Every structure is written in C-alpha cells, then in structure tokens.
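Please put together the full structure from these sequences, using the hints given.
Each chain, written out:
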Amino acid sequence: MAIDTSVRVWRPRRLWVKLVVAGLLVVEVYPLVWMFLTSLKSNDDYLNNSTWSLPTTWEWGNYTDAWTTGHIGLYVQNSLLAVVPALALILLLGTAAGFALQVMVWKGRGLTLLVFLTGMMVPAQMILLPLFTVYFRTGLSGTLWPLILTYTGTGLPLTVFMMATYYKTVPRELFEAATIDGAGILRAFWTIGLPMVRNAILTVGLVQFFFIWNDLLIALTFTNSQDLRTIQVGLLNFTGDFGATQYGPLFAAICINVFGTLVIYLFLNQKVMKGLTSGAVKG
Amino acid sequence: MHRVLGDRKAVLILLGPALLVYSLIMLVPMVWSFGYSFTEGNTIEGFTGNGLDNFQRLFSDPAVRDALWFTAKYAVVVTVGQVVAGYLLALLYVFFLKRASALIRTLVFFPVVLPTVAVGLLFQKFFQVAPQTGPVNSLLNAVGLDSVDWFGSAGHAFWVLIVMDIWRSMGFYAVLLFAGLVDIPEEVLESARLDGASGPRLVRHIVLPMSFPVLMSAVIFSINGTLKVFDSIVALTGGGPGSGTTPLTLYMFQTSFTYGDYGYGSTIALLLTVVCLLVTLVVFRVSRRDLTEG
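The listed protein sequences derive, respectively, from chains A and B.
All the letters of the first sequence, read from the start, carry residue numbers 0 to 282 under numbering that gives the first Met the number 0.
All the letters of the second sequence, read from the start, carry residue numbers 0 to 293 under numbering that gives the first Met the number 0.
The hints are simulated quantities; they were obtained by calculation from the structure and are not laboratory data.
Some hints here could point you the wrong way.
[What the hints assert, rightly or not] One side only, chain B facing chain A, incomplete, derived with CB under 10 Å:
hint	residue
1	V3
2	D6
3	I12
4	I24
5	V30
6	F95
7	R104
8	V111
9	V112
10	V118
11	P134
12	F229
13	V233
14	Y261
Treat the numbers as computed from the prediction; the structure is a model and nothing was measured.
The beta-carbon is built from N, C-alpha and C at its ideal position, and this holds for glycine as well.
As structure tokens, then:
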C-alpha cells in the first residue's frame, strides 16, 4: 500500500473521469436492471412492447412459475447437495495436505507439491471420459456422487497450493512449542494449525464455492437425467420445460441465479475479491 | 521435536486422503485418457485399439483446424481485451478515483462471480433481434441504424462473445492489476514527477515497467483460462451458427458425447492439453527473458 493518497496534491476531478465513471455504471448496472424488469413482464408485454419500457403489469408470478413449473427449486437443491459435501471435503483434505506439505519436514514434499500443481494446468476435458466410464461401470451415474467426487478432485490442486502458502505465514515456533509440550503432530494440526488459518479457509472456501457453483462442464457431463440437473445445467435447458418459450419465467430463473450470487457477494465482497485474485496469481 | 514434525505416519494421515482423491480423480484419468486416444468406441459399445488412426484423423480434420483457429483467435482477442481494459481500470482506480474507488471496484467486480450460463442467456436476449428486439438493436434503431442479426453470422457472434467475456472479467483483472499498481513505491513516482514525467509518459516509463510482473501473471492466467473457454460459448451461441463459434473444448465435448466417439474425443482433449501447456510455457519463458533484460 505504498501509494499514500492522503499526501498527494489534490487535483480537481476532471470531467472525463466523471463521464468514464458514469459510463461504467451504465454498462455494469443496466443489463442487470433490464433483466430484472423483464423478469416481471408477461409474454405479450415482452414481445409487443418496447424493450426499454417498464412492465405494464408486474408479474411476480413468473418467479413462482420458474421455481416450481420450471424446476429451479429442484435444480438449486441438487446444486446444494453436490456443492456442500464437495466443498467440505475440499477444505478438510486440502487444509490437512497443505499442513503436511508446508509445516512438516519430509523427503519428497517439493515433488508432491509439483504433482498437485500440474492439476491446475490440465483442462478438465482430459479427465472427463475415463471418469464417465468409471461412474457408468460402478453405477454411480444415477446419483450426484460423480459431481461430488469430481469437484473434490479438481478443487484440490488450487486449495492445497493456497493452504500451503498460508501456512508459510504461521510461525513454525508455534508448532515446535506445542510438540515440546508433548502434543502429537496431529493434535498440533487440529488445535493450533486449523484455527491459525481460519481466515484462509473462509477465503479458499469462497473461491471454490464460486468455481463449483458456477461450473457447467462437469455438471453437464455427469448429470444425464433431469432430476439430477444442477442450477446451471437446468438454466441452460430451461426453455424446454415450458414447450414454447416463456420469457418471464426464463428471466425470473436467470434473476434467481444472479441475485442469489449477489447476496453472498454483497456480504463478503472484500473477501471474495481478495480470494479470487490471490488464487489466480498463485495458480 | 524434529522427529515429531517429520512423523511419517502423521504425514500419511494428513496428506494421504487428499493425494488419494487427487490421484484417482485426476492423475489416473489423465493417463487413462491418453490411452483412450489410441482406441475407438465408447463406454457403452466398448473400446477397440486403432493405433495412430485418431492422430492421422486429427491432423486432416478440417473441424479441428477451424476449432483450433477459433480458440486461438478468441484467446488472443479476449486476453488483450481483458488485460488492457483491466489495466486502464486499474490506472483509473489508482490515479483518479483514489480512495473513492472502493465502491466502483466492488461494482465492476460483481460480474466476475456471476454464473456464466446466466450471463450468456442475458446477453443472448440483450443482443437479440427476433422475436423481440433487444436493447442493443433498439439503441441502433434509435440512432437511425438497422438492426443487426448478431447471432446470424459467426463473425458477429464472435464479437458479442468478446464483448460479453470482457464485460464479465474486466473487473477481475482490474483488481488484480490494481494490487500491482498500489505496490509501486510512492518515492519512485515522486522523483519521476520531479524529473518532469507526467501523464502518459509517467505511465509509459515508470508505471508500466514496474507493474510488468503482475501484468505478465495476468496474461498467463488469462491465456490459460481463455484456451479452456466453454461455458460462455455453450450459453451464448451453442457453438453456432453452424460450427462458427466452436472452440476445441466444445468440439471435444460434441465428438465425445453427441457422437459417442470417446477415442477421438480423447485425442482432441490431448491436443488441447498440449496446446495449454505449450502456450503457458512459451509465455512464461518470454516474460522471464523480458524481465532480466529490462
């Protein structure tokens, strides 16, 4: 934070800066406002009136239609059932592995970290087909397990790497002191290691949450029945559920997806920004 | 004490589960997929070896050439677009908005966390011409221009895709590069100003070279992501019109799951992996060389 803005000579805000900011506001906000307004229009209203206009009648029923008739409720439930266990596994396994790779001393840990790193470069397409075969042969295809397992596996490289980096900032003396007092290393991990990186766990958890929740490729590959669709796959195939396209419910479904994300973002935006960007630089 | 930190059993307990899951879900399938590329068939019908046939087919397949070309074009344009837009935004945050920038940063970052499918469907309707004219064409009409059928030709669809993906991601690169700019020591900027550098010259000679490392990691990250583009295209154009906006990732997906040809699909996946690794390596080498010379 080397640029100290307080001591700089104050220059009056130029007009073009104001214009650029105003332009940015419009570009960022208008599509979302338009989407929200359109989600409240009836089909006739959407097809026959100007795209700029407000809804002639405010059809809040579009949201119930999307949730029930459009199965968005089911899709959200599926997403939660796949994402929550995967996230828990990623964080638990990743934190433990990061500890073993950064705090503990043993031969071959540099190589192991490198092995995890390669997982970040390789595109998911490279593992889809063998996994599809395995899930099919073992009969897991009709469940959400393929998603939970695949998300856990693909989420681990970045998580392990980020957790190892966070453990670097914890003074080793803490663990050394604990072990002198007679605590086993596993106990030191559980009672000292984990609490010390609580913040990091939240950050990494957020990063992984957005990756998994927004995933399309893996969900599209491993959900063959409508009952298993996640929110993203369900949204992609949304028009089919109504026969002819119903624009109001479609926009309502998009809105549910977008504004659900907005709530998390509004509460934790600083953490989200920090997490995603540090994840990127490390990746 | 050293013995405790080096306790092999503990290492195994802590690292074992992660390594096992990672191996089973990623490492083994990578090797397995490589093996598939010498076969034809799929899970349901079974696989039979066919030697190097898939590789011969890969090199003579015009669809691969098109997909590769589209992937390259997309990766270059989006990388340039999002890094440049991000850098301009970062400069705006640091030098013009200063403390007031937190709100704008938060706002411009928001699309980054949005599900790509939702954004894709939104942009599809935003640019559409029929059955309803979207805001973009309405705006064109309002200033006296004709509507454009944005998804009627691959050329137009490509640009909608570019606009959408830059809209989605510029806030991310802005925050990333902002972090790099804030780290430039104030004394360096001050002394450059005393030497008479200001505005564009200050950026060109001081700010740009000093933010070069973070700029390079942004480029590497961007290229790695854009070569793997999938969601945006599936949600916005579905690869069409025809196969006009089909990247390698989608062609692999279609070959495997639409046509049930896992063997050839694996070969395309292998090509994609090799491209990703090579490009990352090249960019990495180039950036290292520039750094040592500069």
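Cross-check of the supplied hints:
1. V3: With a minimum Cβ separation of about 4 Å from chain A (threshold 10 Å), the hint on V3 (chain B) holds.
2. D6: holds (5 Å)
3. I12: holds (6 Å)
4. I24: With a minimum Cβ separation of about 2 Å from chain A (threshold 10 Å), the hint on I24 (chain B) holds.
5. V30: Because about 9 Å separates V30 (chain B) from the closest Cβ in chain A, which is inside the 10 Å limit, the hint holds.
6. F95: holds (5 Å)
7. R104: Interface hint status for R104 (chain B): holds (7 Å vs cutoff 10 Å).
8. V111: With a minimum Cβ separation of about 7 Å from chain A (threshold 10 Å), the hint on V111 (chain B) holds.
9. V112: For V112 (chain B), the interface hint holds, since the closest Cβ of chain A sits about 5 Å away, which is under 10 Å.
10. V118: Holds, because the Cβ-Cβ distance from V118 (chain B) to chain A comes to roughly 8 Å (cut-off 10 Å).
11. P134: With Cβ-Cβ at 5 Å, under 10 Å, it holds.
12. F229: holds (5 Å)
13. V233: holds (6 Å)
14. Y261: holds (5 Å)
Violated hints: none; the structure is consistent with every hint.
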